[in-house]
Amino acid sequence: MFKFKVMLQTRLIVLCVSILLGGIPHLYPQVQAQELPSAEQSKWITIADGYYGYSFQVPAAWHKEMGVTPDRWVFYSDPTVVTKELPPAALPQGLIKIDFAADPVGHWLPEPKVRDPAIDKRGMATSEELLPLLPPGTWTTVSGQPALIVREKIDDGDGPFVEGTSVIILADRMIYYLWVAYAPPTGTNQEAAARFKTAYDQILSRILNSFVISSPGGQ
Amino acid sequence: MKIVKCLLILGVGFVLLATATHTVIAVGMVTELPFIGSYNVSCGYHTSCYGTPTPGYGLDFVNRNESTYGDVTYASGRGTVTASGPEGGWGYRVIIRHPDNYYSRYAHLLYWFPAANHKMREGSPIGYMDSTGNSTGHHLHFQVYYNTTSGGGVDPTPIDGYTQFCGAGQTCGPYNNYSFNTEMRLVDNTDGGFSLTGTAPCWSNTTNGFHRDGLGKSVTYYQYCNGTTGNPTRIGTWVPSLPISGNYHVYVFAPNHSGITLTGNARYQIYSNNTLIATISVNQNGYNNDWVWLGMWNLSTSGTYVRLTNQTSDGQMVAYDAIMFVRDF
Chain A
767 MFKFKVMLQT RLIVLCVSIL LGGIPHLYPQ VQAQELPSAE QSKWITIADG
817 YYGYSFQVPA AWHKEMGVTP DRWVFYSDPT VVTKELPPAA LPQGLIKIDF
867 AADPVGHWLP EPKVRDPAID KRGMATSEEL LPLLPPGTWT TVSGQPALIV
917 REKIDDGDGP FVEGTSVIIL ADRMIYYLWV AYAPPTGTNQ EAAARFKTAY
967 DQILSRILNS FVISSPGGQ
Chain B
13 MKIVKCLLIL GVGFVLLATA THTVIAVGMV TELPFIGSYN VSCGYHTSCY
63 GTPTPGYGLD FVNRNESTYG DVTYASGRGT VTASGPEGGW GYRVIIRHPD
113 NYYSRYAHLL YWFPAANHKM REGSPIGYMD STGNSTGHHL HFQVYYNTTS
163 GGGVDPTPID GYTQFCGAGQ TCGPYNNYSF NTEMRLVDNT DGGFSLTGTA
213 PCWSNTTNGF HRDGLGKSVT YYQYCNGTTG NPTRIGTWVP SLPISGNYHV
263 YVFAPNHSGI TLTGNARYQI YSNNTLIATI SVNQNGYNND WVWLGMWNLS
313 TSGTYVRLTN QTSDGQMVAY DAIMFVRDF
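Protein sequence lines, in the order shown, are assigned to chains A and B. Residue numbers for the first sequence follow the numbering used here, so the first one is 767 and each next one is one higher. Residue numbers for the second sequence follow the numbering used here, so the first one is 13 and each next one is one higher.
Hints were generated in silico from the structure; no laboratory data involved. Do not take every clue at face value.
[Said to hold, decoys possible] Distance condition first, Cα-Cα at most 25 Å in a straight line; then the derived DMTMM-like pairs of lysine to aspartate or glutamate:
1. A:Lys830 / A:Glu957
2. A:Lys830 / B:Glu78
3. B:Lys229 / A:Glu831
4. A:Lys850 / B:Glu78
5. B:Lys229 / A:Asp815
[Said to hold, decoys possible] So these bits of chain A aren't anywhere near chain B, every CB distance computed over 12 Å:
6. Gly910
7. Thr931
8. Arg939
9. Ala949
10. Ser971
[Said to hold, decoys possible] Here are the computed distance ranges between Cβ atoms for each label pair:
11. A:Arg917 / B:Ser191: 40 to 46 Å
12. A:Pro902 / B:Gly228: 50 to 56 Å
13. A:Ala827 / B:Gly228: 24 to 30 Å
14. A:Asp938 / B:Ile256: 32 to 38 Å
15. B:Thr241 / A:Gly910: 33 to 39 Å
16. A:Gly903 / B:Asn286: 37 to 43 Å
17. A:Pro902 / B:Gly179: 44 to 50 Å
18. B:Ile256 / A:Ala827: 57 to 63 Å
19. A:Lys963 / B:Leu208: 53 to 59 Å
20. B:Ala290 / A:Lys919: 33 to 39 Å
21. B:Thr160 / A:Thr812: 41 to 47 Å
22. B:Asn285 / A:Lys919: 52 to 58 Å
23. B:Gly258 / A:Gly910: 46 to 52 Å
Note that the structure is a prediction, hence the values are computed from the model and not measured. In this text, a Cβ means the ideal position worked out from N, Cα and C, and glycines have one as well.
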């Protein structure tokens with residue numbers, strides 16, 4: 767009986783403190799695993815900016831959010847995700863997220879001991895000299911430019927298990943970066959999870975196939 | 013009865029909140045909170061914070077008074093940047109190695125300012141906060157390590173009356189910081205130490221660039237003026253109040269210039285004892301909210317300033333943003 771009372775008191779304290787401080791992670795609603803439509807089934811729209819010289823497509827139904835300038839975008843497959851009080855520190859299961867950045871090459875300065883810092887850090891080097899130290903990956907071509915694809919399973923960041931693909935496109939004067947990631951759905955059978963992964967692969971492929979680089983302005 | 017108890021607990025909580033005024037943390041040379049203002053920890057000690065938090069010493073900070081998006085994050089101790097840019101689930105992040113082999117990580121940023129090898133001191137601005145990488149909400153993930161940058165890290169214990177931040181996955185705060193104990197000096201274009209004289213037309217960029225208030229505010233992030241290949245018709249001057257004479261790393265902030273073509277040849281003139289000691293050219297188009305290193309120079313507490321005219325070889329616009337002086341260590 768005493769133990770039960772202590773337990774009740776503890777729960778009450780936790781509840782009060784969580785009300786006070788905005789809730790603890792366990793009290794946040796969870797995003798339910800969803801069935802993603804395939805790339806063919808989705809309606810797509812074009813995201814483009816002439817100054818930064820890029821154009822690519824994303825599913826029209828996704829949440830789309832530009833940074834303060836068009837060099838930054840974020841996309842979520844669930845358009846309601848930003849209205850749910852999810853814990854801010856990880857992708858919920860069954861969600862695809864895309865981070866996009868377009869930067870002049872100087873924003874990607876090399877790692878230590880790779881290049882001559884006396885040249886690189888003043889922005890007077892050529893783009894070839896400024897190539898960053900890139901992680902191991904697979905080289906391909908996106909819109910006629912060399913692109914590095916790095917696939918990863920995240921177990922060291924914020925989140926228990928996320929599969930992500932980084933795409934680094936090295937254009938003449940700009941570097942375009944895409945991080946396309948998803949947390950596999952839980953609570954579904956293996957077939958549904960496999961379908962989700964297939965839809966993710968198709969969506970990633972369609973985005974990269976739609977990517978067009980034009981001459982950026984301001985260079 | 014339960015409601016009364018709840019109100020009582022809330023009342024005690026408010027009293028505790030009102031009296032909590034942390035300004036420093038203690039982990040080797042990681043001594044300062046990585047922000048200015050009043051923040052809560054939205055997820056206490058963790059490596060992962062979804063569902064049941066994975067043990068570790070990462071802390072998620074969120075602004076208590078407004079959106080965290082675009083807030084400035086600052087170096088929490090002096091050290092050398094070992095990595096900056098994207099890293100998978102960490103989003104855009106900066107990692108600083110401190111002289112005592114502690115490391116600090118600042119993750120999920122919108123922009124990262126310094127490059128690898130740059131030396132920063134306490135309070136050097138190193139990025140704008142966001143939610144990039146494995147995250148859906150705006151926050152700063154701050155983590156301290158020893159001798160490595162993997163694993164759960166080490167405990168960044170707050171001092172000033174508290175033995176530790178809140179428990180794994182829990183929320184707590186506020187944690188306040190309004191200044192840094194530092195031998196870094198920053199002069200922004202909106203500070204009293206900056207002047208812009210002359211007659212060439214100039215404009216203010218109120219969208220992007222550097223400002224201590226962060227992005228998304230109605231402030232002047234930088235000014236930009238018509239350039240000329242003839243005699244200068246505008247002169248910008250940054251005058252720092254250096255704490256001591258000595259060697260300083262001088263950095264100029266090359267701002268985001270969305271929609272504006274800037275000069276590829278901005279000539280920064282560095283003076284000490286009112287004597288010109290160096291002229292460094294910077295391609296202002298080549299960056300996007302970056303600290304650009306102008307070298308390390310021996311600077312005096314008197315007669316030190318940096319000058320930038322609108323005279324360029326290409327006649328394009330010249331941007332005037334912040335300049336940072338970091339005493340060498």
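Status of the hints after comparison with the structure:
1. In summary, the hint linking Lys830 of chain A to Glu957 of chain A is not supported, as the alpha carbons are separated by about 29 Å, beyond the 25 Å threshold.
2. For the hint linking Lys830 of chain A to Glu78 of chain B, the alpha-carbon distance of about 22 Å falls within 25 Å, and the restraint holds.
3. Only pairs whose Cα atoms come within 25 Å are accepted, and Lys229 of chain B paired with Glu831 of chain A is accepted, the gap being roughly 18 Å.
4. Only pairs whose Cα atoms come within 25 Å are accepted, and Lys850 of chain A paired with Glu78 of chain B is accepted, the gap being roughly 18 Å.
5. As the CA atoms of Lys229 of chain B and Asp815 of chain A are separated by approximately 23 Å, the hinted pair is consistent with the 25 Å bound.
6. For Gly910 of chain A, the requirement that its beta carbon stay farther than 12 Å from each beta carbon of chain B is met, with the minimum near 22 Å.
7. Listed as outside the interface, Thr931 of chain A is inconsistent with that label: its C-beta sits roughly 9 Å from the nearest C-beta of chain B, within the 12 Å cut-off.
8. The Cβ of Arg939 of chain A does not lie farther than 12 Å from every Cβ of chain B; its closest approach is about 8 Å, which violates its non-interface assignment.
9. At roughly 8 Å, the least C-beta separation between Ala949 of chain A and chain B is not larger than 12 Å, which violates its mark as non-interface.
10. Annotated as non-interface, Ser971 of chain A keeps its C-beta farther than 12 Å from every C-beta of chain B; the closest such distance is 20 Å.
11. In this structure, Arg917 of chain A and Ser191 of chain B meet the distance hint of 40 to 46 Å, their C-beta atoms being roughly 44 Å apart.
12. Take Pro902 of chain A and Gly228 of chain B: their Cβ atoms lie about 37 Å apart, and the range 50 to 56 Å is violated.
13. One distance hint, 24 to 30 Å for the beta-carbon pair Ala827 of chain A and Gly228 of chain B, holds here, with the actual separation near 26 Å.
14. Roughly 44 Å separates the CB atoms of Asp938 of chain A and Ile256 of chain B, a value that falls outside the hinted 32 to 38 Å.
15. The hinted window of 33 to 39 Å between Thr241 of chain B and Gly910 of chain A holds, with their beta carbons roughly 35 Å apart.
16. Distance hint for Gly903 of chain A and Asn286 of chain B: a CB-CB separation of about 52 Å, inconsistent with the stated range 37 to 43 Å.
17. The hint said 44 to 50 Å for the Cβ distance between Pro902 of chain A and Gly179 of chain B, and at roughly 38 Å that hint is violated.
18. Here the CB-CB span from Ile256 of chain B to Ala827 of chain A is close to 59 Å, well matched to the stated 57 to 63 Å.
19. In this structure the hint that Lys963 of chain A and Leu208 of chain B lie 53 to 59 Å apart at CB holds, the actual value being about 55 Å.
20. One distance hint, 33 to 39 Å for the beta-carbon pair Ala290 of chain B and Lys919 of chain A, is violated here, with the actual separation near 48 Å.
21. At about 44 Å, the CB distance of Thr160 of chain B to Thr812 of chain A agrees with the hint of 41 to 47 Å.
22. Judged by the Cβ atoms, the range 52 to 58 Å given for Asn285 of chain B and Lys919 of chain A holds: they are separated by roughly 57 Å.
23. At about 50 Å, the CB distance of Gly258 of chain B to Gly910 of chain A agrees with the hint of 46 to 52 Å.
When the structure is compared with the earlier hints, violations turn up for hints 1, 7, 8, 9, 12, 14, 16, 17 and 20 and for no others.
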